[in-house]
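**Student:** Okay, here's what each chain looks like letter by letter:
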Amino acid sequence: MPSLNASLVKNVALSNSPLNSRGALTIVGDNENALPMDLLMVLDVSGSMSGEGERVLTDTVIHTLNNLLRPEDKIAIITFNQSANIHTNWTGKDGNVAPFSAGGGTNFGSAINETLSLLGAHGRDESRAGIVLFLSDGHGPMPNSDNVRAITEFGFTMHTLGVTSERSPSHLEQMAELARGFYFDAPSLNDVKKSFQSLFNYGKTVVYAAPDLEIGISDGVALSDLVQTPQGVKIHEGELGPGEHTVSLTHMVQDSRGELSFRVNADNISDGDNLLATFKCIGATTELRVKGTQDKTELLEAPQNLDVTLITRVGDVTTLLKQGDKDGATRIITQIETLRAAHPGVDSVTKTLTEVTKASTDGERLETLGKMKTTKDGKTELRED
Amino acid sequence: MRCVGCGSGLGEIDLLNSSCQSCGDILLPDDLATLRREMGIAPDAPPEVENPVIEATPEKVPDSVDCPGCNTPLMGEDLAQWNTGACPYCSHENEGAAAGTTQPEEVIYIPDNLDYDENENDEESSEDFELHPSGFLPELPPDGDTIPMIINVGPMVGQSIDVPVGVPVGRRGLFGLLPDPWYEKHLKRVSGEHFEVFVGENEDERVGITDLGSTNGTYVGGTRISGTEMTVVSTDTDINIGGNIQLCSLDAAKSTLDIAERLASEPHFYVTHNQSGIRVLTYAGVHLGRMTEGDEMERWAAMADLQLRAMGQDDSILAYLSRRHFTVSLGEDGSLSLDVFEGKEEPEVVDEGEGKWKINLRKNSFTIET
Chain H
9 MPSLNASLVK NVALSNSPLN SRGALTIVGD NENALPMDLL MVLDVSGSMS GEGERVLTDT
69 VIHTLNNLLR PEDKIAIITF NQSANIHTNW TGKDGNVAPF SAGGGTNFGS AINETLSLLG
129 AHGRDESRAG IVLFLSDGHG PMPNSDNVRA ITEFGFTMHT LGVTSERSPS HLEQMAELAR
189 GFYFDAPSLN DVKKSFQSLF NYGKTVVYAA PDLEIGISDG VALSDLVQTP QGVKIHEGEL
249 GPGEHTVSLT HMVQDSRGEL SFRVNADNIS DGDNLLATFK CIGATTELRV KGTQDKTELL
309 EAPQNLDVTL ITRVGDVTTL LKQGDKDGAT RIITQIETLR AAHPGVDSVT KTLTEVTKAS
369 TDGERLETLG KMKTTKDGKT ELRED
Chain Z
43 MRCVGCGSGL GEIDLLNSSC QSCGDILLPD DLATLRREMG IAPDAPPEVE NPVIEATPEK
103 VPDSVDCPGC NTPLMGEDLA QWNTGACPYC SHENEGAAAG TTQPEEVIYI PDNLDYDENE
163 NDEESSEDFE LHPSGFLPEL PPDGDTIPMI INVGPMVGQS IDVPVGVPVG RRGLFGLLPD
223 PWYEKHLKRV SGEHFEVFVG ENEDERVGIT DLGSTNGTYV GGTRISGTEM TVVSTDTDIN
283 IGGNIQLCSL DAAKSTLDIA ERLASEPHFY VTHNQSGIRV LTYAGVHLGR MTEGDEMERW
343 AAMADLQLRA MGQDDSILAY LSRRHFTVSL GEDGSLSLDV FEGKEEPEVV DEGEGKWKIN
403 LRKNSFTIET
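The listed protein sequences derive, respectively, from chains H and Z. According to the working numbering, the first sequence holds residues 9 to 393 in order. According to the working numbering, the second sequence holds residues 43 to 412 in order.
Do not rely on the hints blindly, as some may be mistaken.
To be verified - To be clear about the criterion: a stretch of chain Z counts as covered by chain H if any three or more of its residues have a C-beta under 8 Å from a C-beta of chain H, and this derived list gives those stretches:
| id | region |
| --- | --- |
| 1 | 64-77 |
| 2 | 321-327 |
| 3 | 341-347 |
Claimed, not checked - Each computed DSSO-like pair below joins lysine-lysine, with the alpha-carbon atoms no more than 30 Å apart:
| id | chain 1 | residue 1 | chain 2 | residue 2 |
| --- | --- | --- | --- | --- |
| 4 | H | Lys299 | H | Lys202 |
| 5 | H | Lys299 | H | Lys366 |
| 6 | H | Lys304 | H | Lys212 |
| 7 | H | Lys201 | H | Lys379 |
| 8 | H | Lys334 | Z | Lys386 |
| 9 | H | Lys359 | Z | Lys405 |
| 10 | H | Lys387 | Z | Lys405 |
| 11 | H | Lys359 | H | Lys387 |
| 12 | Z | Lys398 | Z | Lys386 |
| 13 | H | Lys288 | H | Lys202 |
| 14 | H | Lys202 | H | Lys304 |
| 15 | Z | Lys386 | H | Lys359 |
| 16 | Z | Lys398 | H | Lys304 |
| 17 | H | Lys242 | H | Lys101 |
Calculated directly from the structure, the hints in this document are not laboratory data. For every residue, glycine included, the Cβ atom is placed at its ideal position computed from N, Cα and C.
Using the sequences and the hints given, assemble the complete structure.
**Tutor:** Written out as structure tokens, the structure is:
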């Protein structure tokens, strides 16, 4: 069973008054056996992909079948232009894939609908890692957000691949975030092949497939700005009030720690123990509690939880980086650096975040963000897919 | 004090909960310390860091010569036989024995915290050179091209030296260029053939540097370089040779600056960061926080950080200085003047007389000398 831990920045707070603070949840899995993979490719075969684009799609898919798929893995392919079709139904590494033919307009909505239809027929299987790879140049209207988000209900996460030098990462990145996936930037045909390889290698390290997180929130308490770090994936828009909620997280991969940062608003903190929220994930449970007191000495002397400080600050940085605010992000990275003497994880996180800020294009920055991970011992690094 | 996140004023309840009660943002330890001071609350005790106790005594490296015939290390009586005639094992004749010019390897006392580089390949005789205080034979720059570089550390800080171009430069070469005894222990970390500098044929081509497989490394802009590829060095880039030999590449035009003349005509003083040994020359004054107004690392802090890391010492002590902390300058009457930024911790100043002051601030201390 995984180990869950939820904490506020301080485990004591001034009683008989409201509290506005930040907290973090960490999830450390106990399963290090990679799951078999179900890979669903959703490929844009509109007019912009004709010619060399068709050839690279065929070559790359054949390479995937011949060299990347393991005997236990499965693959299916959906192609779309103004409409979407199942090009290849679920098959193993010995399956045949017909060549692609490009032409027509681009309709992301129909591609997502066809994806949900195929996944609905497939059903949810938590013993397998579901990966959707959505490849396009990104020039299409944004599909319905709820439909994109629904992909995670089948245990799949959707990753998007922006292709051609004219790619537009904006919608693709939003779609990836809604479906708990990451954006890959592939301006050249060689980059497309690399991204396929990278995504495949990522898929082969999944140990928990898009796990659900159940959050029970006490009366008078609200959680907001739920961000999975260090990738900066927004887990929920707006505020979660009292009651039971379920959200999906990204896949958890080998040797990694899941992290969630959030804001906490409590109408009133009572004297003594206060239960603010309960978290359940992959069979494990933890509680977010705070002790209310009027003793100012106790409040002043209570140590700050620097893990929480670091996780929430990283969430702030990655959110700004996704918005393209490099200056704002750099300011917070500099603030994080002041914790160097007190927290051993600061060096690796500031080094990695600084690397992200150096990305020369939006696409490269978003891709590098998606490759960030926190190891079980709290170090931040870039996945080497 | 205001919250960095939302700009609202911070008060006692924010301090007690360690977070801004308007926006919820966490207050970092530096912010909390400032807020405590503003509210007249005693500062939180800093984390205790135990300094290592170094009890090792200097180890004497015995005299030794490798026989060129059989490669046997010759020591003691064997070395005496070699010095008077031939190798006792293979009878390889010592050609220098008759002339009496054979020198045993110099005896070096290794400081506790230094890695001595034993890659010494020097063959020149001592006839043409004056002996350096350290006992090493200094090597003068060879005839040929040189490039001016400015010294960034130690008593010769600010002075320009001519570094040979296109030939290996090592410990002895630098001894010739850095004659002050202060550099002696630091030069022991420099290999016999440590680095080589290249310059393009055209004047506007940039300078490059290659590390020649040195033991303690060559750093350019804080990054250790390796391999045979040349690393391009821009003007004003910091170069660190083996630990605490800091040079800075210089535009050729700047080398005409007569630093001695400026030192004679302008008031100036030296600031030493005692933990790293970094010593800088300043004319108008110096900011002793970590960052410049332009949010870049202060030059002295970058050098100190690099030095502490290169010497394997605790570089986190610099974090005890705020980004913008205090400036030091000298008044016309020669008195020391400190200007501490608002809300920042006041350092302790000790006047040691004769134009010398010590400034203490947590784990850092500075010595100011006129």
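**Student:** If a hint holds in the structure, say so; if it doesn't, say that too.
**Tutor:** Status of the hints after comparison with the structure:
1. Under a criterion of three residues with beta carbons nearer than 8 Å to beta carbons of chain H, the stated coverage of the region 64-77 of chain Z is upheld, 9 such residues being counted.
2. Counting residues of the region 321-327 of chain Z whose beta-carbon sits less than 8 Å from any beta-carbon of chain H gives 0, not enough to reach three: the coverage restraint is violated.
3. Coverage of the region 341-347 of chain Z by chain H is violated. Counting CB-CB distances below 8 Å, 0 residues qualify, and the rule asks for three or more.
4. The hinted pair formed by H/Lys299 and H/Lys202 fails the criterion: a straight-line CA distance of about 51 Å is larger than 30 Å.
5. For a cut-off of 30 Å, the pair hint linking H/Lys299 to H/Lys366 is broken: about 42 Å separates their Cα positions.
6. Distance hint between H/Lys304 and H/Lys212 is unfulfilled; the C-alpha atoms sit about 51 Å from each other, more than 30 Å.
7. Distance hint between H/Lys201 and H/Lys379 is fulfilled; the C-alpha atoms sit about 17 Å from each other, no more than 30 Å.
8. Restraint check for H/Lys334 and Z/Lys386: the C-alpha separation of about 28 Å stays at or below 30 Å, so the hint holds.
9. Proposed proximity of H/Lys359 and Z/Lys405 is supported: the alpha carbons are some 25 Å apart, at most 30 Å.
10. At roughly 27 Å between alpha-carbon atoms, H/Lys387 and Z/Lys405 fall within 30 Å of each other, so this suggested pair holds.
11. Using a Cα cut-off of 30 Å, the hinted pair H/Lys359 and H/Lys387 holds, with the two alpha carbons roughly 11 Å apart.
12. For a cut-off of 30 Å, the pair hint linking Z/Lys398 to Z/Lys386 stands: about 24 Å separates their Cα positions.
13. This hinted pair does not check out: H/Lys288 and H/Lys202 have alpha carbons roughly 37 Å apart, beyond 30 Å.
14. Under the criterion of a C-alpha separation no larger than 30 Å, the hint pairing H/Lys202 with H/Lys304 is inconsistent with the structure, at around 57 Å.
15. The suggested pairing of Z/Lys386 with H/Lys359 holds, with an alpha-carbon distance near 27 Å, which does not exceed 30 Å.
16. A threshold of 30 Å between alpha carbons decides the hint, and for Z/Lys398 with H/Lys304 the separation of about 44 Å lies outside it, so the pair is violated.
17. Distance restraint check for H/Lys242 and H/Lys101: the Cα-Cα separation of roughly 34 Å exceeds the 30 Å cut-off, and the hinted pair is therefore not satisfied.
Comparing the model with each earlier hint shows violations of hints 2, 3, 4, 5, 6, 13, 14, 16, 17; every other hint is respected.
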